[in-house]
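*Asks:* Here is how the chains run, residue by residue.
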Amino acid sequence: MKKKLALLLAAAMTVASLAGCGEAKTQPEAQTQTKETTTETKTETATEETTSEATGSVYYLNFKPEADEAWQKLAADYTAKTGVEVKIVTAASGTYSETLTAEMGKSSAPTLFQCGNEEGLETWKDYCLDLSNTDFYKEMTTDDFNLKGENGEVYCAGYCYEAFGIITNKTLLKKAGYEVTDIKDFASLKKIAEDIQSRKDELGFAAFTSAGLDGSSSWRFSGHLANMPLFYEFRDDKVTSQPAEIKGTYLDLYKNIWDLYINNATCAPNEITAKTGDESEAEFFNGKAVFYQNGTWEYANLTKNGMTDDDLCMIPIYCGAEGEEKAALCCGTENCWAVNAKASEEDIKATLDFMYWVVTSDEGTQMMAQEFGPIPFKAAKESSNVFFTNANDLIAKGNYVVTWAFNYTPNVDAWREGVVSALQQYSAAGGDWSNVEKAFVNGWAAQYQAVNG
Amino acid sequence: MKKKNKSDGTSLNSILIRKPIKRCFPIFILPTLLAFSVGFVWPFIQGIYLSFCKFTIVSDAKWVGFSNYKKAFMDASFKHAFWYTALFAIASILFINVIAFFVAYALTQKIPGSNLYRTVFFMPNLIGGIVLGYIWSMIFDGILSKYGTFLTAKASYGFWGLLILMCWQQVGYMMIIYIAGLQGVSEDMMEAAKIDGANRWQTLFRVTIPNVMPSITICIFLTLTNSFKLFDQNLALTGGMPTLFGDDGTMINSTEMLALNIYKTFYTSAKSRGIAQAKAVVFFILVAVMALIQLRFTRKKEVQQ
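Read top to bottom, the protein sequences are chains H and U.
Numbers 1 to 453, taken from the numbering used here, label the letters of the first sequence in order.
Numbers 1 to 305, taken from the numbering used here, label the letters of the second sequence in order.
Simulated from the structure, these hints should not be mistaken for lab results.
Where hints are given, some of them may not hold.
To give an idea of the chain H side of the interface with chain U (calculated C-beta under 8 Å), a few residues [to be verified]:
#, residue
1, Ser421
2, Gln424
3, Gln425
Backbone N, C-alpha and C fix where the C-beta goes; we use that ideal spot for every residue, glycine too.
Starting from the given sequences, assemble the full structure and let the hints guide the process.
*Replies:* So, in structure tokens, the structure goes:
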């Protein structure tokens, strides 16, 4: 009797301990099943173009936490409409590559993921489906933002583009006695910012929001602001692919603008190490500062927090480059979609269908316009985002677009970490600017070596 | 099971109970064995295999031989991480064990409320490493900002910060082990020492410590392996910052320990994943060898009662 009881107990424990692995256990079966159905549907579609009952499903690993809510809603709409299951998972800010690596290893891997720069393409190109013959691709209006393979395969499709610059609160600027048109170059920006800062107590606001170097904010400077010296250097040297080394010719421009940011802000330079992105944003929409470096994607959040189109405008980042009064905003994208080439055939089909629907349907384009502004697709809806109006106006005036040179950065996260560390030393610990130069130039070479060596 | 039992009543009884249990031991170890194989043995073997491969995701790897190991050994940041980790391990073994032993010693001296103290000292151990790391980074930054500086300003701040964090977290755990050891030292022996005229220090060093040597062995083992495997706290507290730039173009994260270095290497690019995996295998061998040497060394000092 006792023996039987013991046996039963042990059996129960085994089952219980295996329950956790239950998913893994059942997967091989499920896989063989899907394989069977794939072959079935294949033969079916071969013989007749049936409106195939949706068997595939979509799994989108979303890159942008701020758009998560909108994606979830859109996915639910699509499922309600077509019955196709769409799973949207959003990776936590700053952990996309880790999440993607982990998820891709699973048997239910993402069918749609983000792959937005040279480095991403280098890592994932074996997993990117060539999109050039899809209906989705035929809806695109430009190839400018797509990442291509050596033989012209379209591996990653830029589904939206963005612009960044210095977001300006026009109302506050007026209060301080200036107009946006007064800012034409670095000299005028500096003069106005320093004047506002000197009257900070009287006006009740500072020139710039805190240039936080916490992880939630530091990318604005190690990524976006760093684009300025990189862009001008690459323009001079006619760089069109990832260079193994950079010279740092224009790092003094970077110093100009960085000094202006930290010395004329809502907080002292030695406080910025712990300041977050949310704090900086809140300072801006609460009217604590006139200038806030960020991008078009901020529009939704700023207007949600009570700012109006009359308050907002985006100006180029002036940093003292020659001829910069003819500069436009920094336009480009890191937001490219790639379809998992190793997903099952019907999942790929379901994914392509979903993508097509997103960029052609009313609901989809509406959501895209709201979240991402203008999108490079034929059916794109007009965006109400005032920053894009600024961007287009500047381009229409014949100004040159500052492209996203930082998309060439090797081992992006590590390189940026080095720059942030050096900026921290320089700004808050009385460190030397030469460290920032080393982080830029030596860091670039070291990371290029780490990736390609 | 080790001792040969004399034939008194209790041991006879235990033999009667043990016999049937002994016979069906496979049934009892089966659940754990299965979980252990699935959760440890298999990933371990796969990990070793992957260290010889180039791969983007683990289920899809290409064999490349020893090149990953070559690159791992040439990596300056890996070497730095090793020495930094070794230094940290020595410091933390010293600090944690000395503090834990004296706290345990104090709390076995019949102080009123000592149970409460034991609970309080043990509590930090129940908080996860990541959470602790972020909380302590806020505490340190809060204090250091008074002096116009911050935690990642200097490599030494990060080192001592991590040490303080680890002491705070681990002292309580080691204390419990030491208390158990101290309570095992028989009263008779202490009394005999007293009668023989030994003073407090002599009793401590000549009687108590030799008798709690098994606890010291286990505590040193735990602190050694814990410091070598340290990851969460390292990631959350400094993340390896500040970065140092050598004149020869190398770039080293000054407070990056081995596990974090491996983790960061893994996500560098598709080519570096195998290298990270090779580093992980080297890392395993290193920790295992060191732990075994330490065990052998401290075991020798244990006294047989």
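*Asks:* With reference to the structure, classify each hint as holding or not holding.
*Replies:* Do the hints match the structure? See the list:
1. Ser421: holds, 4 Å
2. Gln424: Result: holds, 6 Å to nearest chain U Cβ.
3. Gln425: holds, 6 Å
The earlier numbered hints are all upheld by this structure, with none contradicted.
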